[in-house]
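Chemist: The chain contents come next:
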Amino acid sequence: MALIEARGVRKAFGQSLALDGIDLSVDEGRIVGLIGPNGAGKTTALQAMVGLTPCQGTLRVLGLDPWKERGRLMRDVCFIADVAVLPRWLRVWQAIEFVAGVHPRFDRCKAEAFLTRTTIRRTSKVQELSKGMVTQLHLALVMAIDTRLLVLDEPTLGLDILYRKQFYDSLLNDYFDRSRTILLATHQVEEVEHILTDVIFLDRGRIAFGRSVEEIELNYAEVAVRPEQAATARALKPIDEREGIGRRLMIFKDVDRRQLAALGEVRTPGIADLFVAIVRRRTAATDGGEFQHQESQAREQGAAR
Amino acid sequence: MSSTPNAASGFTLDGAPAAALVMPWRQFYWLVQRELWENRSIFMAPLTAGLAAVLGSLVSWARLVAGIPAGVLKPGASDAGAVNGLIQQPFYLASLLIMLSTLLVAVFYSMSALHGDRRDRSILFWKSLPVSDLMTVLSKASVPIVVLPLVTFAVTVATHWVMLLAGSGILLVSGQDAALLWSPFFLFSSWLMLLYHLVLVHGLWYAPIFGWLLLISAWAKRVPILWAFLPPLAIGIMEKIALNTKHLGAMIANRIGGAGDGSTFTAGGISMDPLTMLTPIHFLTSRGLWIGLAFTALCLAGAVACRRSAGPM
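Protein sequences, first through last, are from chains A and B. Residue 88 in this note's numbering sits at position 88 of the first sequence, with consecutive numbering throughout. Residue 426 in this note's numbering sits at position 121 of the second sequence, with consecutive numbering throughout.
Cut-off 20 angstroms, straight-line C-alpha distance, at most; resulting in silico cross-link-like pairs (SDA-like, lysine to any residue):
| no. | chain 1 | residue 1 | chain 2 | residue 2 |
| --- | --- | --- | --- | --- |
| 1 | A | Lys-125 | B | Trp-335 |
| 2 | B | Lys-526 | B | Arg-426 |
| 3 | A | Lys-125 | B | Trp-431 |
| 4 | B | Lys-526 | B | Cys-611 |
| 5 | B | Lys-526 | B | Pro-536 |
| 6 | A | Lys-125 | B | Trp-342 |
| 7 | A | Lys-68 | B | Gly-616 |
| 8 | A | Lys-125 | B | Gln-338 |
| 9 | A | Lys-125 | B | Arg-345 |
| 10 | B | Lys-526 | A | Phe-13 |
| 11 | A | Lys-237 | A | Arg-281 |
| 12 | A | Lys-253 | A | Thr-283 |
| 13 | A | Lys-253 | A | Asp-198 |
| 14 | A | Lys-131 | B | Asp-425 |
| 15 | A | Lys-110 | A | Arg-122 |
Label pairs and their calculated CB-CB ranges:
| no. | chain 1 | residue 1 | chain 2 | residue 2 | range |
| --- | --- | --- | --- | --- | --- |
| 16 | B | Gly-390 | A | Lys-125 | 45 to 53 angstroms |
| 17 | B | Tyr-334 | A | Thr-268 | 50 to 58 angstroms |
| 18 | A | Arg-211 | B | Pro-537 | 52 to 60 angstroms |
| 19 | B | Ala-602 | A | Glu-190 | 49 to 57 angstroms |
| 20 | B | Ala-606 | A | Ser-25 | 32 to 40 angstroms |
Pulled a few chain A residues facing chain B out of the computed Cβ check, cut under 7 angstroms:
| no. | residue |
| --- | --- |
| 21 | Gly-71 |
| 22 | Ala-81 |
| 23 | Val-85 |
| 24 | Leu-86 |
| 25 | Pro-87 |
| 26 | Gln-94 |
| 27 | Phe-98 |
| 28 | Gly-101 |
| 29 | Val-102 |
The set of hints was computed from the structure by calculation and includes no laboratory data. Fair warning: this is a prediction, and the values are worked out from it, not measured in the lab. Where is the CB? At the ideal position from N, CA and C, for every residue including glycine.
Isolated chain A, as found in the complex (with noise of 0.2 angstroms):
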């Protein structure tokens, strides 16, 4: 069984619709990037998987509604949304005595062991501490709870490089392993893309794009094209074509990566790429139908009903 399933999740904030009929389904053992612009409706779509906000449609975490049980979700569940929302007066020995109280997963032991690796003091304040040492203690806190979900927004926003890369290795050897589950969303593609095992894309609170790893290694070939060969790399329909150095670069769907391979350097496409890729065409196709996107949007909301 999925651990999330989404059917037609729908959330308005007065006029202006945040998630327009959102579909999806994440299985265990799996670390799905939602990755999107500012806006595209990520933040909304996470919040309201761990029940911090209501939405229409069906929505299900680990069989619960969030919305409604959201007491005991998040005894499976973890969030951390983006770095800054530890409580500034909070001492560091006194975030490990606090969820180790109300929490039923927390094994203190781990966090201990998490926290020695840095330079953290226990008699720290939040306030005391740099961002990054911040964000190390919210994921000792979080890696010490043998939760089946972890749910991240952002989760390294507005932190130095070095952190980053950490952040993201600590999740990777320390807490992920195949009974767990990861589900993040950021707009800095770059530093998650290696660790991703599926990739959702959200454009103006729809789903443009759903993949895993694999489906894009097999039917996505980002070719560099010679120019002498641009035109019959066209022919072959590209979805996507831009300029690169002294080469066109061209994406494709479906096409045999053998075929291609006349046609210049054969890589699987950066999801970056992929993402402006794909999100262009849909914009290309409700542009000049913007009225069109507005009718379809009104027969959904009509349908809704």
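Fit chain B to the supplied structure of chain A, relying on the hints for placement.
Modeler: Chain B alone, transformed into the frame defined by chain A:
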């Protein structure tokens, strides 16, 4: 897919005990502990008030005995009554001072309890833990209604002890009879009355005030202090203009100034009226108390509802 209770047991990791649970009382304990960590004024304010009372009374006693020849002050002496009053007065003033300090703390605490963590975004951390909103609100409500009255009592008794020992020292050094402070041991009865007053008045009778403030702190996006005080004021004034009555004002004044029969609250802060000791039944069966408690429950239910959809601001 369903959310039957059985579904949850399927979510434990292999071999892990099924329902890993923190007992509610244990969670509650840590939630209250968190409030004490965050709001150090819960202890610091009454302790400071107690310290001020100790210092003040030392000066007062020192001045009192300075002008009296040694051996004059003793129990049973002809003018002991008047002197007794002067010697015992600092104890009452100390109780009053400590009580006022914790009342102020209670009011300000309640107004920010469910507001501060939304403002500093830490609500996102608190809500990432398996604690229900009801539990959170109850733990915060227990601070003004239960914790602060008990802290007031403990600090007052401790302060009185320090004053007793220090006062005895002054009397002895100046050659007077320290028994003046010890016999009859008037403090025991005043402690009992203090406890009675704190539990019934500060706890139960004032509960709707704290319930209201907590509701506002859970609901208001900005400046809860204005939302807490302006609407009642505005409604009171409108009532006066439109109907030329003062029911709301009278009701609030009665809530703040008098506990039901009005006899448990005196200008001195602690009721020294022995009758109140005899009428807890009267108080506990008074309509005002129960209407107040029902109002408190409504406010807290509203605060839970607000808290549920609350996010960072």
